[in-house]
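Letter by letter, the sequence shown follows residues 175 to 523 of the working numbering.
To be clear, the hints were calculated from the coordinates, so they are not data collected in a lab. Nothing here was measured: the structure is a model prediction, and the numbers come from that model. Among these hints, one or two may not hold up.
Straight-line distance between alpha carbons at most 27 Å, and here's what the computed DSS-like set of lysine-lysine pairs gives [what the hints assert, rightly or not]:
1) K313 <-> K215
2) K234 <-> K215
3) K233 <-> K246
4) K239 <-> K348
5) K215 <-> K307
6) K233 <-> K313
7) K234 <-> K348
Per label pair, the in silico range of CB-to-CB distance [to be verified]:
8) G361 <-> R306: 29 to 39 Å
9) Q272 <-> S336: 30 to 40 Å
10) E501 <-> K348: 21 to 31 Å
11) G269 <-> E354: 48 to 58 Å
12) L522 <-> K307: 23 to 33 Å
Don't be surprised by glycine CBs; every beta carbon is placed ideally from N, CA and C.
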Amino acid sequence: MEDEDTMEKVLEYLEPFGPDLKNGLSNHAPMACEALITMGKRESIFPWLERYGNQFLEKKKPRNKIYSSNWKDFLGVPDTYPEWENFFNTELEEGPWQKTLAEWAVKLAPGICADATHGVIRTGHAVRSLTRKESKRRKRELASGLAVWASAYLELPTSFDSLLGLQPEDAIQKVDFVPEESKNFSGTIVSSLQGLGDYENFSPVIGYLSVSQQPEEIISGLSEGFSRVVLNNVEDNLSAIVFIHSVTSVSALRSILPFLNEHEKKSVLRYSWQSGAALFSTFGKKLNLELPEKLENESREEMIERAIEHGDEHAIKFTEVCLKEYEFNPSPAYYAAARLARKFLEPLS
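With the sequences and hints as input, model every part of the structure.
The following block contains the structure:
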């Protein structure tokens with residue numbers, strides 16, 4: 175129970191802060207701390223927060239109120255995080271959190287790339303924490319994750335005309351890269367994703383993947399495939415962050431899918447695949463998915479300790495995800511991808 179007591183203290187400490195940092199990036203603290211708890215490193219959390227927390231911003235006050243009758247009017251509207259957080263807190267107070275999660279994961283699935291997938295990732299961490307222990311603070315963290323997802327909601331171009339039914343590694347090979355002259359990058363990952371609306375070759379991507387297998391197997395296939403994308407496409411800090419999210423976002427579904435029915439699971443998996451493919455289409459350069467010829471040896475404990483020492487929030491979260499995915503599917507791609515990403519991510523000072 176010491177781990178769970180620590181998590182409660184973490185959530186209490188983080189409660190005043192919003193989803194954004196002073197540097198304009200997303201606040202990863204709740205996710206990274208939950209990952210550290212999962213890896214059995216509660217003693218590292220508050221020392222890490224001391225290094226990370228100088229960028230926190232306090233939550234803004236809501237200016238409007240969202241009701242069950244008008245929520246679509248606020249979907250994907252900038253600066254509505256406070257309104258959505260209040261809305262989801264009310265929803266979670268009125269009924270079982272599992273019901274709210276199931277309802278809204280399905281509603282929000284077409285916009286799973288929201289905030290460069292931080293919405294679904296934060297939701298996944300919150301759900302995993304809730305499955306260990308239910309508490310008011312953990313429900314509020316779930317509300318925060320869903321609020322990020324809803325306020326930043328972004329649908330990608332979608333056409334179901336090409337249902338190819340491919341396995342993950344083959345589906346990834348079919349993704350077209352956006353030509354350099356057509357790219358829309360203006361400083362954020364989201365700007366590139368928004369630019370896909372002008373690239374007609376992307377819309378059929380959602381139909382490339384087969385969703386006929388067990389969801390757990392599909393997640394393993396996608397997480398390994400996108401880990402191989404990391405290995406062959408990361409060349410700087412930005413590309414490391416981009417392709418890490420293609421892995422961590424699909425892995426977050428392991429916490430969410432158990433609360434959905436079979437049809438809903440397939441739908442959410444399709445949109446998660448689409449989101450990862452969008453990151454690959456907008457930032458990818460190489461279709462090669464081969465492993466490096468030479469692989470380093472690091473133990474699980476060494477991976478964890480080096481991620482904590484490095485300090486970057488993505489390094490910590492990605493290490494936890496790669497270790498988790500390896501347990502389901504012991505591919506060397508996971509350890510190799512975590513090591514490579516760590517080399518290109520900027521260490522936390």
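A quick look at each hint next to the structure:
{"no.": "1", "hint": "K313 <-> K215", "verdict": "holds, 23 Å"}
{"no.": "2", "hint": "K234 <-> K215", "verdict": "violated, 31 Å"}
{"no.": "3", "hint": "K233 <-> K246", "verdict": "holds, 23 Å"}
{"no.": "4", "hint": "K239 <-> K348", "verdict": "violated, 43 Å"}
{"no.": "5", "hint": "K215 <-> K307", "verdict": "holds, 18 Å"}
{"no.": "6", "hint": "K233 <-> K313", "verdict": "holds, 17 Å"}
{"no.": "7", "hint": "K234 <-> K348", "verdict": "violated, 43 Å"}
{"no.": "8", "hint": "G361 <-> R306: 29 to 39 Å", "verdict": "holds, 37 Å"}
{"no.": "9", "hint": "Q272 <-> S336: 30 to 40 Å", "verdict": "holds, 35 Å"}
{"no.": "10", "hint": "E501 <-> K348: 21 to 31 Å", "verdict": "holds, 29 Å"}
{"no.": "11", "hint": "G269 <-> E354: 48 to 58 Å", "verdict": "holds, 49 Å"}
{"no.": "12", "hint": "L522 <-> K307: 23 to 33 Å", "verdict": "holds, 28 Å"}
Checked against the numbered hints listed earlier, the structure breaks hints 2, 4, 7; every other hint is satisfied.
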